[in-house]
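*Asks:* One-letter residues, chain by chain:
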Amino acid sequence: MQLIAEQLLNGLQFGLMLFLLAAGLTLVFGIMDLMNLAHGSLYMIGAYLMATIAAASGSFWIALPLAIVLTALVGLALERLLIRHLYHRDHLAQVLATFAVILIADDLVKMVWGPAPLMLNAPASLSGPVELLPGFFYPAYRLLIIAVGLACALLLYVLVAQTRAGMLVRAGASNREMAAVMGVRVPRLFAAVFALGAALCAVAGALMGPVLAVEVGMGQNILILALVVVVIGGIGSVRGALVGALLVGLVDTAGRALLPTLLKAVMPLNLAANLGPALAAIAIYVLMAAVLFFKPSGLFPARA
Amino acid sequence: MQPVAEPSPLDWQARLRAALPWLLLGAAVALPWLAQAAGHEYYIGVARRILIFALAATSLNLILGYGGMVSLGHAASFGVGAYTVGVLMVEGVADALLAWPAAVGAAALLALVIGAVSLRTRGVYFIMITLAFAQMVYYLAVGVKAYGGDDGLSLPGRSRLPGIDLAHDVSFYYLVLAVLAASIFMLNRLVESRFGRALVGIRENASRMEAIGFATFRIRLIAFVIAGALAGLAGVLFVNHNGFVSPAALHWTQSATLVIMVILGGIGYRYGGVLGAAALLLLEEVLSQFTDHWHLALGLVLLAVVFAAPRGLAGLFSRRVAG
Chain A
1 MQLIAEQLLN GLQFGLMLFL LAAGLTLVFG IMDLMNLAHG SLYMIGAYLM ATIAAASGSF
61 WIALPLAIVL TALVGLALER LLIRHLYHRD HLAQVLATFA VILIADDLVK MVWGPAPLML
121 NAPASLSGPV ELLPGFFYPA YRLLIIAVGL ACALLLYVLV AQTRAGMLVR AGASNREMAA
181 VMGVRVPRLF AAVFALGAAL CAVAGALMGP VLAVEVGMGQ NILILALVVV VIGGIGSVRG
241 ALVGALLVGL VDTAGRALLP TLLKAVMPLN LAANLGPALA AIAIYVLMAA VLFFKPSGLF
301 PARA
Chain B
1 MQPVAEPSPL DWQARLRAAL PWLLLGAAVA LPWLAQAAGH EYYIGVARRI LIFALAATSL
61 NLILGYGGMV SLGHAASFGV GAYTVGVLMV EGVADALLAW PAAVGAAALL ALVIGAVSLR
121 TRGVYFIMIT LAFAQMVYYL AVGVKAYGGD DGLSLPGRSR LPGIDLAHDV SFYYLVLAVL
181 AASIFMLNRL VESRFGRALV GIRENASRME AIGFATFRIR LIAFVIAGAL AGLAGVLFVN
241 HNGFVSPAAL HWTQSATLVI MVILGGIGYR YGGVLGAAAL LLLEEVLSQF TDHWHLALGL
301 VLLAVVFAAP RGLAGLFSRR VAG
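Heads up: the protein sequence lines correspond to chains A and B, in order.
So for the first sequence, this note's numbering puts the first residue at 1; every next one is plus one.
So for the second sequence, this note's numbering puts the first residue at 1; every next one is plus one.
If you are wondering where the hints come from, they were derived from the structure by calculation, not from laboratory data.
The model shown is predicted, which means the values in this text are computed figures rather than measured ones.
Note that the Cβ used here is the ideal one computed from N, Cα and C, for glycine as well.
One thing to keep in mind: the hints can contain errors.
[To be verified] On the chain A side, residues computed to face chain B include the following (Cβ under 7 Å):
#	residue
1	V231
2	A290
3	V291
4	L292
5	F294
6	P296
[What the hints assert, rightly or not] One side only, chain B facing chain A, incomplete, derived with CB under 8 Å:
#	residue
7	L303
8	V306
9	A308
10	A309
11	L313
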């Protein structure tokens with residue numbers, strides 16, 4: 001029972017972090033029709049900035065907002081220098097250009113910070129476990145990740161569903177040309193959305209730093225998971241990204257925790273030990289294939 | 001996107017275009033002699049690797065360029081071809097006449113399964129479904145510890161082919177070159193055939209082709225399977241070249257690299273795959289000798305290509321493009 005509760009919380013935490021990446025990705029994709037492989041690089045840059053500032057200032061809490069703002073600025077600069085010139089190009093040109101950005105970003109990070117992974121520690125006040133229920137302990141830092149993730153999701157919901165800026169974003173996602181014709185200042189909207197996506201990447205990168213390693217290439221595997229989330233949720237839909245992210249987070253975590261145990265019950269021990277992790281890693285792809293089989297445009301298509 | 005040759009025989013560009021493949025073939029045939037004469041046998045291996053990836057990229061170009069199917073799972077066929085040869089050899093079957101057709105068949109069968117499901121979707125969803133299948137195969141290879149799992153599988157030697165000593169580096173090089181040349185010849189015939197024209201027609205307007213009576217799904221699926229089989233053949237050559245195969249050959253970054261090669265070389269151009277594979281691998285080879293930060297330099301070159309040669313390298317040689 002405790003194992004299940006713990007895995008549920010782990011899944012929630014992982015899902016919320018995926019949501020932060022997928023939200024930016026789905027907006028950039030849905031509104032600007034831009035296939036951005038470099039999204040994972042912004043996540044990496046956020047994590048590196050966080051680790052550096054935290055080490056220099058000695059404070060997790062000073063570093064967090066600074067890393068977010070700086071990464072948003074990096075995102076703005078990237079949009080101004082490169083991404084802006086790709087909007088009118090086809091997807092494959094965008095893939096090639098943003099793949100080039102991955103190569104460049106990885107090497108720049110290696111030049112500045114060196115090839116070794118950086119250490120980033122959780123703040124001392126949150127390093128211990130918390131007793132959630134009598135006898136049930138859970139790491140305090142992971143609770144913080146969940147709290148920040150939920151806060152970001154709520155903030156995004158308010159921003160997209162309740163504000164004028166959010167209305168423009170939704171208009172852009174459902175019909176770009178029409179929104180432009182109706183007077184939406186598209187270049188400014190695009191730049192703002194891209195910077196917002198970068199900031200969300202930084203939140204995820206900074207928070208995941210103490211849990212995972214801060215290293216070159218950290219963005220590439222999570223990028224694929226974020227893309228899976230975007231496709232499950234429906235391109236352009238923030239709500240879909242949230243549902244998709246939680247689904248992927250829970251299925252992935254539950255698969256890793258429970259599948260090996262289940263397999264051991266039905267097949268020889270060493271075969272189960274081999275196949276368990278592989279099947280768990282496959283689970284989210286099966287999930288995506290199943291969702292797309294029944295809902296070919298994802299769960300919440302933005303373009304109805 | 002398909003280049004159309006200018007009819008004027010006086011046009012030097014058209015002549016160059018027609019002569020280029022033969023010039024490249026001549027250079028490839030002469031290369032081992034030149035390398036040996038210069039005492040740089042190392043480059044025979046480099047060139048062989050380029051030829052192998054040229055085959056993989058060319059097979060992807062059939063579905064990506066002519067069929068408009070952006071598969072981000074092409075490494076699955078490539079890797080399955082490589083793994084089949086590796087696993088059979090570890091199990092004692094080193095005979096190429098048995099192992100290679102089995103490997104190509106396995107890759108084709110995988111492509112048939114993936115294609116049958118994926119081709120029902122379009123656009124980004126197609127990209128992601130093909131990626132999903134490839135990732136499943138990747139994690140399967142990681143999970144099967146009996147054949148190396150994460151660490152990969154080392155081969156005791158190269159396959160045995162009656163009449164040709166594959167262990168001899170130059171002989172193996174010429175076999176790879178012959179396989180590539182034969183595959184390109186076959187693909188060129190294919191895209192000029194009724195089947196190839198139909199494939200391009202479906203790329204341009206699937207519903208119209210459907211309406212005038214073409215079995216669009218079947219034509220796309222056949223192209224997908226042919227591309228998968230050829231990628232498997234490239235995998236067969238790759239594992240013999242490398243003497244080693246690991247799940248990295250199946251990873252999505254490998255699929256992405258193949259897509260990058262095709263975009264770089266020229267999507268839907270006859271020699272786009274060859275040019276792209278050669279350019280990317282040569283750039284890697286050259287840049288990595290000058291600087292440790294060759295990723296950075298390669299990235300800048302790719303960015304330059306995006307803006308200076310939007311139709312890829314092959315597009316630079318051809319003036320006009322049919323819509």
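*Asks:* Take the hints in turn and mark each one as holding or not.
*Replies:* Do the hints match the structure? See the list:
A cut of 7 Å between beta carbons decides the hint on V231(A): the least distance to chain B is about 5 Å, and the hint holds. A cut of 7 Å between beta carbons decides the hint on A290(A): the least distance to chain B is about 10 Å, and the hint is violated. The interface hint given for V291(A) is violated, since its Cβ lies 10 Å from the closest Cβ of chain B, which is over the 7 Å cut-off. Interface restraint check: L292(A) against chain B, minimum CB-CB distance 6 Å, threshold 7 Å, status holds.
A least Cβ separation of about 12 Å between F294(A) and chain B goes past the 7 Å threshold, and the interface hint is therefore violated. For P296(A), the shortest C-beta to C-beta distance to chain B is roughly 6 Å, which falls under 7 Å, so the interface hint holds. Here the hint on L303(B) is kept, as its CB sits about 5 Å from the closest CB of chain A, short of 8 Å. Interface restraint check for V306(B): the shortest CB-CB distance to chain A comes to about 4 Å, inside 8 Å, so the restraint holds.
Hint status for A308(B) relative to chain A: violated, with the closest Cβ pair at about 12 Å, above 8 Å. Interface restraint check for A309(B): the shortest CB-CB distance to chain A comes to about 11 Å, outside 8 Å, so the restraint is violated. The restraint placing L313(B) at the interface with chain A is violated, with a minimum CB-CB distance near 12 Å, outside the 8 Å limit.
Going through the hint list in order, the structure does not satisfy hints 2, 3, 5, 9, 10 and 11.
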